[in-house]
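Engineer: Assemble the complex: chain A is given as a structure, and chain B must be docked to it using the hints.
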Amino acid sequence: MSGRDCNSILVHSGVWVLVEWQDEEPLKVSLELLSEGLKIGESLGEPVCTVVVGYNIPKRVYEVADCGAETIYLLEDPLLAVYQPEFYADALSSLVERERPKLILCGDTLLGRDIAPRLAAKLGTGLITDCVDIKLDESGVFYFTKPIHSGKVAATFICPRARPQMVTMKPGVKEASNQSASGQAKVVRATSGLSNDGSRVRVTGFLKGDPRALSLQEADIIVAGGRGVGSAQNFRLLEELADVLGATIAASRMAVDAGWVPKDKLVGQTGKTVAPKLYIACGISGASQHVLGMKDSGTIVAINSDPQAPIFKVADVKIAGDLLRVVPALTSKLRELAKRADVKGAGKIAAALTQL
Amino acid sequence: MNIVVCIKQVLDTQGPINVDNAGEIEGLRLSSIVNPCDLVAVEEALQLKERYGFEQVIVVSMGSPSAEEALRECLAMGADKAVLICDPACQDSDSCATALTLAKAIDHIGADLVLCGQKAIDTEAGQVGFILAQMLNIPMVSAVTRVGITPDLKQAIVHRKLEKGNREIVEASLPALLAVEVGLNSPRHPDLRRVIAAQRAKIEKHDCETLGINLEEVGAQGSKVTMIKRSRPRPKPKKVFTPDSKLSAAERMRLVMSGGVKEKKGDMLEGDPEDIAAQLVRFFLEQKIIAG
Chain A
1 MSGRDCNSIL VHSGVWVLVE WQDEEPLKVS LELLSEGLKI GESLGEPVCT
51 VVVGYNIPKR VYEVADCGAE TIYLLEDPLL AVYQPEFYAD ALSSLVERER
101 PKLILCGDTL LGRDIAPRLA AKLGTGLITD CVDIKLDESG VFYFTKPIHS
151 GKVAATFICP RARPQMVTMK PGVKEASNQS ASGQAKVVRA TSGLSNDGSR
201 VRVTGFLKGD PRALSLQEAD IIVAGGRGVG SAQNFRLLEE LADVLGATIA
251 ASRMAVDAGW VPKDKLVGQT GKTVAPKLYI ACGISGASQH VLGMKDSGTI
301 VAINSDPQAP IFKVADVKIA GDLLRVVPAL TSKLRELAKR ADVKGAGKIA
351 AALTQL
Chain B
1 MNIVVCIKQV LDTQGPINVD NAGEIEGLRL SSIVNPCDLV AVEEALQLKE
51 RYGFEQVIVV SMGSPSAEEA LRECLAMGAD KAVLICDPAC QDSDSCATAL
101 TLAKAIDHIG ADLVLCGQKA IDTEAGQVGF ILAQMLNIPM VSAVTRVGIT
151 PDLKQAIVHR KLEKGNREIV EASLPALLAV EVGLNSPRHP DLRRVIAAQR
201 AKIEKHDCET LGINLEEVGA QGSKVTMIKR SRPRPKPKKV FTPDSKLSAA
251 ERMRLVMSGG VKEKKGDMLE GDPEDIAAQL VRFFLEQKII AG
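Chains as they are written, first to last, in my numbering: chain A, 1 to 356; chain B, 1 to 292.
So here's chain A without its partners, still in its complex pose (with noise of 0.2 angstroms):
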């Protein structure tokens, strides 16, 4: 049986920080780990690293390593390009083992989620995950604090001999601090010693998700519906105007207790508090109970037949108008708008919008 002991806790230094891209951009999470990081080295007094792995990797990902940290590894190997478990674990096991860190942190995401307890099973160390506080005493001791039992207990814990101590922290639990460039920075292309053969686990497809079964927190865009909209069927032009937006469809209480649609889509008070970056409320009053809901939304689009419904005073976009011909019209000019994209090619916005 594989699992090995790191004990050995005199070698055993500095803070690294596994920093995630996606899109050529460093996560937001990696940058507030970077700042954790940098606090931590600080109380211990030692060197903070990062460690960012892939595919040509864009300089402009680990130039926010040079903010703080004395080293960059820089793993990066074809077979890295996108995430592939074992390779993932293999490279960072190789380097941990090599460079011999006292810390880790990584983002609690869903990669965080994976690959942490993923290594933290091949070096045979510890892991806390999930963890909101880590406190550092006197004599070195790291203290570990985070949620149990749904979030209604706070757990603390040690780490006491496994070395590296590994930890993930979710997004927004701590703050990224603005940091100028150092320019001290030392990058290390590290070697992976990855070959082809040895991966059981294959990632070898993709599946788009369907803004339709999204959940409404996940959702970017929502097309909400309330007493105004009518019957059921009339719900189906928001649904043809959620589908051509690739939004999902939600509600407010007087939608839900008619019956048009279920009740997971309620939001309010009652119901789910979302913050897309769009939201249309279509025939919705706007009354409070609903609007504590949605009120944290990027843009919210409110079509109302009644001019004064209160809807208008927290919305972007105001359209007092009936919504059974304005919902359908959008759909048919977003249509338009799809066909013209495909059709063009580069150049597309810019045609799109002299057209309009």
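None of these hints come from the bench; they were simulated from the model.
Here the structure is a predicted model, which means the values were calculated and not measured.
The beta-carbon is built from N, C-alpha and C at its ideal position, and this holds for glycine as well.
With a straight-line Cα cutoff of 25 angstroms, these simulated SDA-like cross-link-like pairs (lysine to any residue) come out: (1) A:K102 <-> B:E217; (2) A:K102 <-> B:T226; (3) B:K164 <-> A:D220; (4) B:K229 <-> A:F142; (5) A:K135 <-> B:A22; (6) A:K339 <-> B:R282; (7) B:K164 <-> A:D264; (8) A:K295 <-> B:K288; (9) A:K313 <-> B:M253; (10) A:K170 <-> B:E181; (11) A:K277 <-> B:L162; (12) A:K170 <-> B:R230; (13) A:K263 <-> B:E163; (14) A:K152 <-> B:T226; (15) A:K39 <-> A:E63; (16) A:K28 <-> B:K288; (17) A:K295 <-> A:R227; (18) A:K272 <-> B:Q14; (19) B:K288 <-> A:A338; (20) A:K295 <-> B:E251; (21) B:K164 <-> A:P211; (22) A:K277 <-> B:E286; (23) A:K208 <-> A:L79; (24) A:K272 <-> B:K164; (25) A:K135 <-> B:R230; (26) A:K152 <-> B:E26; (27) A:K313 <-> B:S248; (28) A:K263 <-> B:N185; (29) B:K264 <-> A:L292; (30) A:K272 <-> B:R234; (31) B:K205 <-> B:G219.
A few chain B residues that don't get close to chain A, going by computed Cβ distances all over 10 angstroms: (32) M1; (33) G53; (34) D80; (35) D92; (36) P190; (37) D191; (38) C208; (39) E251.
Structural biologist: For chain B alone, coordinates are given in the frame of chain A:
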């Protein structure tokens, strides 16, 4: 070919519970249940057995004697065999020590596919599956939302959860371990006849000695991570909305009671529906909400 499912009996802390200042839960009123995603794992195992012709579904648990209840619930659902590892030395085991105990048991039982829940609702560590796979030296896929097996029973082809409802397709050669999430399926409710039969079923019991487990490797001794304190969580400070003191008292009251919603200025869009739709699309493009 066997499917082994690891389950954990937990206190049902999903609803409102009482927690004292020392972080102790008033456990008397709480029921013990099978950890929700473990139950999903059992259901999945039963469905895979029906679909692909695996021989047996064997449920395993490391726990106190009361964990027998949890195992019997799985037998009632249709599991063929239940194994309980019960030893005082295993108390206060962290994820590593738990995984080691389960690994020894599974080595003893033999498995072609191991299923477990992604994480337990009490500790919320979400690690046992990973460590168990490492110890058994088998491939592992986490956050599994759908399971398929190739007809030759040599590979698992699964869907794994990504953000925004997206999924990735992952292949793993068997024997493998899959950690499943709630929502993968709806665990069946066994009928009364099966529940009664399960009460009389024999549960294979083991302790550290019968499995050849070194006492130093389990329990508090064998744990890498130790819990030293529990408390009530610190409430997250909520930004309190304070209305502008220049407003009248009535205005201020109205603002506070409306939950601090800022009133947005701006004109009403006018025109016929076609016009309005065109203006909206332009607005969406400008705001980069949609791509041209």
